[in-house]
Amino acid sequence: MSHVVSPIREKLVTGGKSYSDVTHDICKQVEGEPTKEWKWAFGISSIVFIYGAYCLFYTWWQGIGVWGLNKTVGWAWDITNFVWWVGIGHAGTLISAVLLLFRQKWRTSINRSAEAMTIFAVLCAASFILAHMGRPWLAHWALPLPNAFGSLWVNFNSPLVWDVFAISTYLSVSLLFWYMGLVPDLASIRDRATTKGRKFWYGLFSLGWTGSSKTWARYEYMSLILAGISTPLVLSVHTIVSMDFATSVIPGWHTTIFPPYFVAGAIFSGFAMVQTLLLITRVVFKLEDYITIEHIEMMNIVITVTGSVVGIAYLTEFFIAWYSGVEYESYAFINRATGPYWWAYWMMMTCNVISPQLFWSKAIRTNLMVSFFLSIVVNVGMWFERFVIIVTSLHRDYLPSSWAMFSPTMYDIGDYIFSFGLFFTLFFLFAKYLPVVNMAEVKSVMKGVSSNFPEKKKATKKTEE
Amino acid sequence: MAGHSHFSPANVEEHFEFTSEGKKRVIYAFIAGVVALVLGIYLLSKGEAGGHEVANAGHEAVKAGHEAASEHLSGGAVSHQPAAEEHYDWTNRIWANVWLNAVFFTGIAIIGMFFVSLQYLTKSGWSSVMKRVPEAFPKFLYITLPILLLVFFFKGDAIFHWMHHGVTEVGNENYDKIIAGKSGYLNKTFFLVRLVGFFALWIGLWTVLRKKSLEEDLIGGTDLFTQLVRISTAFIVVFGASSSMFAWDWVMSIDTHWFSTMFGWYMFSSWHVTGLAVITLTILLLKDKGYMAYVNENHLHDLGKLMFAFSIFWTYVWFEQFLLIYYANMPEEIIYFLERWEGHNKIYKTSEILMVFLNFFFPFLVLMTRDAKRTRIFLKIAAFFIIVGHYIDFYQMIMPGVLGGHAGYGLVEFGMVTVFASAFIYIVSDELTKASLIAKNHPFLPEAVHHDI
Numbered sequence: 001m002s003h004v005v006s007p008i009r010e011k012l013v014t015g016g017k018s019y020s021d022v023t024h025d026i027c028k029q030v031e032g033e034p035t036k037e038w039k040w041a042f043g044i045s046s047i048v049f050i051y052g053a054y055c056l057f058y059t060w061w062q063g064i065g066v067w068g069l070n071k072t073v074g075w076a077w078d079i080t081n082f083v084w085w086v087g088i089g090h091a092g093t094l095i096s097a098v099l100l101l102f103r104q105k106w107r108t109s110i111n112r113s114a115e116a117m118t119i120f121a122v123l124c125a126a127s128f129i130l131a132h133m134g135r136p137w138l139a140h141w142a143l144p145l146p147n148a149f150g151s152l153w154v155n156f157n158s159p160l161v162w163d164v165f166a167i168s169t170y171l172s173v174s175l176l177f178w179y180m181g182l183v184p185d186l187a188s189i190r191d192r193a194t195t196k197g198r199k200f201w202y203g204l205f206s207l208g209w210t211g212s213s214k215t216w217a218r219y220e221y222m223s224l225i226l227a228g229i230s231t232p233l234v235l236s237v238h239t240i241v242s243m244d245f246a247t248s249v250i251p252g253w254h255t256t257i258f259p260p261y262f263v264a265g266a267i268f269s270g271f272a273m274v275q276t277l278l279l280i281t282r283v284v285f286k287l288e289d290y291i292t293i294e295h296i297e298m299m300n301i302v303i304t305v306t307g308s309v310v311g312i313a314y315l316t317e318f319f320i321a322w323y324s325g326v327e328y329e330s331y332a333f334i335n336r337a338t339g340p341y342w343w344a345y346w347m348m349m350t351c352n353v354i355s356p357q358l359f360w361s362k363a364i365r366t367n368l369m370v371s372f373f374l375s376i377v378v379n380v381g382m383w384f385e386r387f388v389i390i391v392t393s394l395h396r397d398y399l400p401s402s403w404a405m406f407s408p409t410m411y412d413i414g415d416y417i418f419s420f421g422l423f424f425t426l427f428f429l430f431a432k433y434l435p436v437v438n439m440a441e442v443k444s445v446m447k448g449v450s451s452n453f454p455e456k457k458k459a460t461k462k463t464e465e
Numbered sequence: 466m467a468g469h470s471h472f473s474p475a476n477v478e479e480h481f482e483f484t485s486e487g488k489k490r491v492i493y494a495f496i497a498g499v500v501a502l503v504l505g506i507y508l509l510s511k512g513e514a515g516g517h518e519v520a521n522a523g524h525e526a527v528k529a530g531h532e533a534a535s536e537h538l539s540g541g542a543v544s545h546q547p548a549a550e551e552h553y554d555w556t557n558r559i560w561a562n563v564w565l566n567a568v569f570f571t572g573i574a575i576i577g578m579f580f581v582s583l584q585y586l587t588k589s590g591w592s593s594v595m596k597r598v599p600e601a602f603p604k605f606l607y608i609t610l611p612i613l614l615l616v617f618f619f620k621g622d623a624i625f626h627w628m629h630h631g632v633t634e635v636g637n638e639n640y641d642k643i644i645a646g647k648s649g650y651l652n653k654t655f656f657l658v659r660l661v662g663f664f665a666l667w668i669g670l671w672t673v674l675r676k677k678s679l680e681e682d683l684i685g686g687t688d689l690f691t692q693l694v695r696i697s698t699a700f701i702v703v704f705g706a707s708s709s710m711f712a713w714d715w716v717m718s719i720d721t722h723w724f725s726t727m728f729g730w731y732m733f734s735s736w737h738v739t740g741l742a743v744i745t746l747t748i749l750l751l752k753d754k755g756y757m758a759y760v761n762e763n764h765l766h767d768l769g770k771l772m773f774a775f776s777i778f779w780t781y782v783w784f785e786q787f788l789l790i791y792y793a794n795m796p797e798e799i800i801y802f803l804e805r806w807e808g809h810n811k812i813y814k815t816s817e818i819l820m821v822f823l824n825f826f827f828p829f830l831v832l833m834t835r836d837a838k839r840t841r842i843f844l845k846i847a848a849f850f851i852i853v854g855h856y857i858d859f860y861q862m863i864m865p866g867v868l869g870g871h872a873g874y875g876l877v878e879f880g881m882v883t884v885f886a887s888a889f890i891y892i893v894s895d896e897l898t899k900a901s902l903i904a905k906n907h908p909f910l911p912e913a914v915h916h917d918i
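Protein chains in written order, with the numbering used here: chain A, 1 to 465; chain B, 466 to 918.
If you are wondering where the hints come from, they were derived from the structure by calculation, not from laboratory data.
Where hints are given, some of them may not hold.
[Stated by the list, open to error] With a straight-line cut-off of 27 Å between C-alpha atoms, the simulated DSSO-like cross-links for lysine-lysine are: (1) A:362 / B:588; (2) B:905 / A:105; (3) A:443 / B:642; (4) B:811 / B:511; (5) B:588 / A:447; (6) B:588 / A:11; (7) A:214 / A:286; (8) B:653 / B:676; (9) A:447 / B:905; (10) B:642 / A:447; (11) B:905 / A:11; (12) A:362 / B:677; (13) A:105 / B:770; (14) B:588 / A:105.
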């Protein structure tokens, strides 16, 4: 890649950092003692995790009857939470794969945490699949394994089975991508290690990385190949999640726009979650020179674009429900907006479509506090989106006598809390023990995007010329 | 890096010359198109039609095809009576072709604007060296707008089921309850307001963008660049908001009963990849003439990647729409694909298969390797067949609803597309002469000139 960069571009690394500054700034939280803030945060998330684990255990022990489901609303928070987490899990691979293909240099300082976040979010989503099953010890039945039960196979026509394939593929590729990207950085930590334990563990996981040019060439090939493989995966995962609903004939679920619109919504919520996490990380770990206002602004722009795409999809669905002339379809949408769940619908509209429009103002999209607040608002909205799609489409079915409302029990809530505990526990462990910014890749783009880069070389170059 | 370059804004300026030889060739092509068209119309009026399909398919056979299609439908759930049956007039085929090409070329023209705007919005550097090419395309909107308007005014009822006499009138023998229910959106006035409104916004924004872009060549600086980013953003917003609506209006409403929420993005994806192929082909042809030396295999590689990626994107959108409708198998939706698969004596089946082959398998396989994307001849072949494939895509979207069993590929089709294509080449070539082929003061030009992947 050429290092000629137009002077009108914003700098992506500020503070006149040199290569060794990068290594030092990023390794220091891995090498140092855990800070007090980290201990507090980790302690709280562990407590949340333990409480959630109790609720999940109870759900498994008693069966999913402890949830608030009823004969009309047979699917509610369980699937809402699943879709919500899978959606959040889209940003990592989008940032690492799609933005790599589009040569977006700003991805280098956020891809590591975004990918980690992706993996944890997908694990949270997977926990809801397991929770759903009621008998999690039979989870392997979701795979088409040869078995001794006669011709007992999974139903290949079911989008739920496609989901199993899509998400397990996505998880493995994301994990591979994330880990491969970590290898050079783990080697840096290994080489700097002062304790035996650290040398051993980081050495083990850095797979004997030598840093020779041949190794780097392979690293680059591998990144491109994995990016090529991951890009269709980013689209396929939420496409297939959307098919859990869209292949059915339930009014409000069966609509052809679902696949791309779910993908856009997933990227939207994923970027919002990355924003939430990075705005904290950059302050706590003092990474303001690497995760700059420019990065935050870029992410806010992606949030605005995807939020608007989602908004257009909402309006399209609403319009076509009327245009189709299908009575049930029209009712499903009128009921969404004005029925007993109107508050959920308008929550969704406000958080997902209206609030990101505030980012049209440069002052707002470069304001850290507002960005942080709105990034949370977006994910609240995206949770409501799934709730609206799922519950409001089900709660008033074809038979008015069976119309019902859904109210969550403490185990619906507890299992959701579990996923937060899991997510944050894993994220804090990651933030402490692994470098949160990809040092190697930041260094690879610094030429041209760093302010005053690199001071010494620049000086010598001038004398040469 | 900048040290060893001989690049400076002064020596990149170059002007395309639309030679009299070139003009002559385009005009000959146009005339050939007109001759084919006239001959085709003459044959059509004699009831012979240009296409073999129609020549062989008598009225009876067409009827039989219809019945085959409706066998699969549950009773009277769908009162889908294609326009062709009751209102067929041999001249409809001419108007269907005019509409098809006008919509198709409007797409290519506006995608030029979309491409440039997207590059500004995303602050892409690599493409700045070639932006003058897509920037010239929207000029053709001045040609397609009056054509669309004329067809709509004089022959709208030949194209659109909802414009048939009496369909929204209670008590009329043609009364159609479903269509009447849509008349709040599908009515002449509102349709025209949207059509003219979209074109006015597109042409307006393009005119400003073009003016500022040419000014930049003279003045330079970053003020104009900032303004161009703003105009581009405005265009993307307008286009994003209108993209579903014009697809519903100009194409989906032909099959008035049918609906699909995906349709807007589906039609956009078809336009988009066609536009990318036309941009690539234009650049390659200019390079063959010795222009645009700064566009090297790295830029071509990126264009190749875009064609590859957006061919897959088109396939994604097309296939998802098909799969969800096929899977749910609801009569009011599935009719659309049944009609194209086994309706009308199966005259659309070959096109349907060919279209998926040309629009997915062909570019997917041809543009798979790095070398192919960096080799001009491969790019040319891929771009050409992508354009052909998406023409067939639009044929499949428009013809079954307008002509039913009376469609075919004959002299009228070939003549009409030649007429439009040569007009497009003429207008775009002429527009290209009006500015330097390289926007020499584009602030990202140094990046594009040093582009290396």
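Quick rundown of the hints versus the structure:
Only pairs whose Cα atoms come within 27 Å are accepted, and residue 362 (chain A) paired with residue 588 (chain B) is accepted, the gap being roughly 16 Å. For the proposed pair residue 905 (chain B) and residue 105 (chain A), the alpha carbon gap of about 25 Å is at most 27 Å, so the pair holds. For the suggested pair residue 443 (chain A) and residue 642 (chain B), the alpha carbons sit about 66 Å apart, so the restraint of at most 27 Å is broken. Distance check on the hinted pair: residue 811 (chain B) and residue 511 (chain B) sit about 24 Å apart at the alpha-carbon level, within 27 Å; holds.
For the given pair, residue 588 (chain B) sits about 19 Å from residue 447 (chain A) by alpha-carbon distance, which is consistent with the 27 Å threshold. With a CA separation close to 14 Å, the supplied pair residue 588 (chain B) and residue 11 (chain A) stays within the 27 Å bound. Taking the CA atoms of residue 214 (chain A) and residue 286 (chain A), the gap is about 34 Å. The hint is violated against a cut of 27 Å. For a cut-off of 27 Å, the pair hint linking residue 653 (chain B) to residue 676 (chain B) is broken: about 34 Å separates their Cα positions.
Among the hinted pairs, residue 447 (chain A) with residue 905 (chain B) is consistent with the structure: their alpha-carbon atoms are about 25 Å apart, no more than 27 Å. The hinted pair formed by residue 642 (chain B) and residue 447 (chain A) fails the criterion: a straight-line CA distance of about 66 Å is larger than 27 Å. With a C-alpha separation of about 24 Å, the suggested pair residue 905 (chain B) and residue 11 (chain A) falls inside the 27 Å cut-off, and the hint holds. This hinted pair checks out: residue 362 (chain A) and residue 677 (chain B) have alpha carbons roughly 23 Å apart, not beyond 27 Å.
Restraint check for residue 105 (chain A) and residue 770 (chain B): the C-alpha separation of about 19 Å stays at or below 27 Å, so the hint holds. Using a Cα cut-off of 27 Å, the hinted pair residue 588 (chain B) and residue 105 (chain A) holds, with the two alpha carbons roughly 12 Å apart.
Violated hints, in rising order: 3, 7, 8 and 10; the structure is consistent with all others.
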